[in-house]
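Student: Below, each chain spelled out in residue letters.
Number of protein chains: 2
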Amino acid sequence: MSEAPLVPGKVAEHTICLLVKLGQVAFRLAEEGIGETGLRVRHYSVLQALADNGAMPQLALGSFLRIDPATMVTSLDDLERAGYAERTRDPQDRRRYAVDITDEGRKVLDDLNRRLVALDGDILTDLDSTERQSLHALLGSLAESPSLTALFDSVRERTGAKGA
Amino acid sequence: MSEAPLVPGKVAEHTICLLVKLGQVAFRLAEEGIGETGLRVRHYSVLQALADNGAMPQLALGSFLRIDPATMVTSLDDLERAGYAERTRDPQDRRRYAVDITDEGRKVLDDLNRRLVALDGDILTDLDSTERQSLHALLGSLAESPSLTALFDSVRERTGAKGA
Numbered sequence: 160m161s162e163a164p165l166v167p168g169k170v171a172e173h174t175i176c177l178l179v180k181l182g183q184v185a186f187r188l189a190e191e192g193i194g195e196t197g198l199r200v201r202h203y204s205v206l207q208a209l210a211d212n213g214a215m216p217q218l219a220l221g222s223f224l225r226i227d228p229a230t231m232v233t234s235l236d237d238l239e240r241a242g243y244a245e246r247t248r249d250p251q252d253r254r255r256y257a258v259d260i261t262d263e264g265r266k267v268l269d270d271l272n273r274r275l276v277a278l279d280g281d282i283l284t285d286l287d288s289t290e291r292q293s294l295h296a297l298l299g300s301l302a303e304s305p306s307l308t309a310l311f312d313s314v315r316e317r318t319g320a321k322g323a
Numbered sequence: 160m161s162e163a164p165l166v167p168g169k170v171a172e173h174t175i176c177l178l179v180k181l182g183q184v185a186f187r188l189a190e191e192g193i194g195e196t197g198l199r200v201r202h203y204s205v206l207q208a209l210a211d212n213g214a215m216p217q218l219a220l221g222s223f224l225r226i227d228p229a230t231m232v233t234s235l236d237d238l239e240r241a242g243y244a245e246r247t248r249d250p251q252d253r254r255r256y257a258v259d260i261t262d263e264g265r266k267v268l269d270d271l272n273r274r275l276v277a278l279d280g281d282i283l284t285d286l287d288s289t290e291r292q293s294l295h296a297l298l299g300s301l302a303e304s305p306s307l308t309a310l311f312d313s314v315r316e317r318t319g320a321k322g323a
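Just so you know, the protein sequences line up as chains U and B, in that order.
Just so we're aligned, residue 160 is where the first sequence starts under our numbering, counting upward by one.
Just so we're aligned, residue 160 is where the second sequence starts under our numbering, counting upward by one.
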């Protein structure tokens, strides 16, 4: 147990450093908070994308979520083994796989979303309602920022997609 | 290259998911942006903590930064090898090591801080000045949140300090 804030001293002067550390904290708490389902954050992203978009070709799903192909294959293996997603032949191109969410997958997705809503309450306890809304809106803008998206994609292309 | 936003669809309804993904993006860009110095984000945190606080016992430094002991040892080895930090006997307890930043360490720290300021400009390009200030202030509040800090520390204690 440390008495220090999560981002101590002058490190906290950099927005990017706040994002890095709070992202690590959020990841750790999210993985812990949904761990009882046997799934991880990356599985949630896949299931939610399939629920949002309907069946998707495996390659398009990886590109959509910026998950590298090797991680996507193991994530889909996990989801298929648990009965939450299924690979079928892509009707547009029979040589390729499409992926879809199953009825069981929709049930676990509801559970995951409830847990994530509760986690938002847990991590934002010390912010008031206006601050929570502002933070959410600003992070949402950043996640949709064309400049940041292009910058991140260029670094991923240059240095390999893995780990991103 | 993907056309999707960084956090697509309903995943973006969860603040915790925005933090997780933007944290990964920020980490990737920060590591890339300071990589030319031969150092990583964790080395920056150590150097900045030593510049902020003066020499610290190795254990206290790890606790202050929430870096697990094994990672702290390798990070300090890296910094010592590069001439940026040095281990000395802790004057309070001669059996223990204290760590201090060197003059060369202060020079590279200035360089790192300049790079991080530039990175903030890069990642926040699409936010206006008011939005940048609000985002920074809200993330700062979250990084100092007693509830979030306690929650994170309890998960670290329960599941092991590694990777946090």
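For the record, the hints were derived by calculation from the structure and aren't laboratory data.
No experiment lies behind these values; they were computed from the predicted model shown.
Treat each hint with caution, since some may be false.
Computed footprint of chain B on chain U; a stretch qualifies when at least three of its residues, placed anywhere within it, have a C-beta under 8 Å from a C-beta of chain B [what the hints assert, rightly or not]:
1) 198 to 206
2) 235 to 241
3) 245 to 258
4) 279 to 293
Note that beta-carbon positions come from the ideal geometry of N, C-alpha and C, so glycine has one too.
Student: All the hints need checking, so say for each whether the structure fits it.
Tutor: Comparing the hints with the structure gives:
{"no.": "1", "hint": "198 to 206", "in the structure": "holds (count 3)"}
{"no.": "2", "hint": "235 to 241", "in the structure": "violated (count 0)"}
{"no.": "3", "hint": "245 to 258", "in the structure": "violated (count 0)"}
{"no.": "4", "hint": "279 to 293", "in the structure": "holds (count 10)"}
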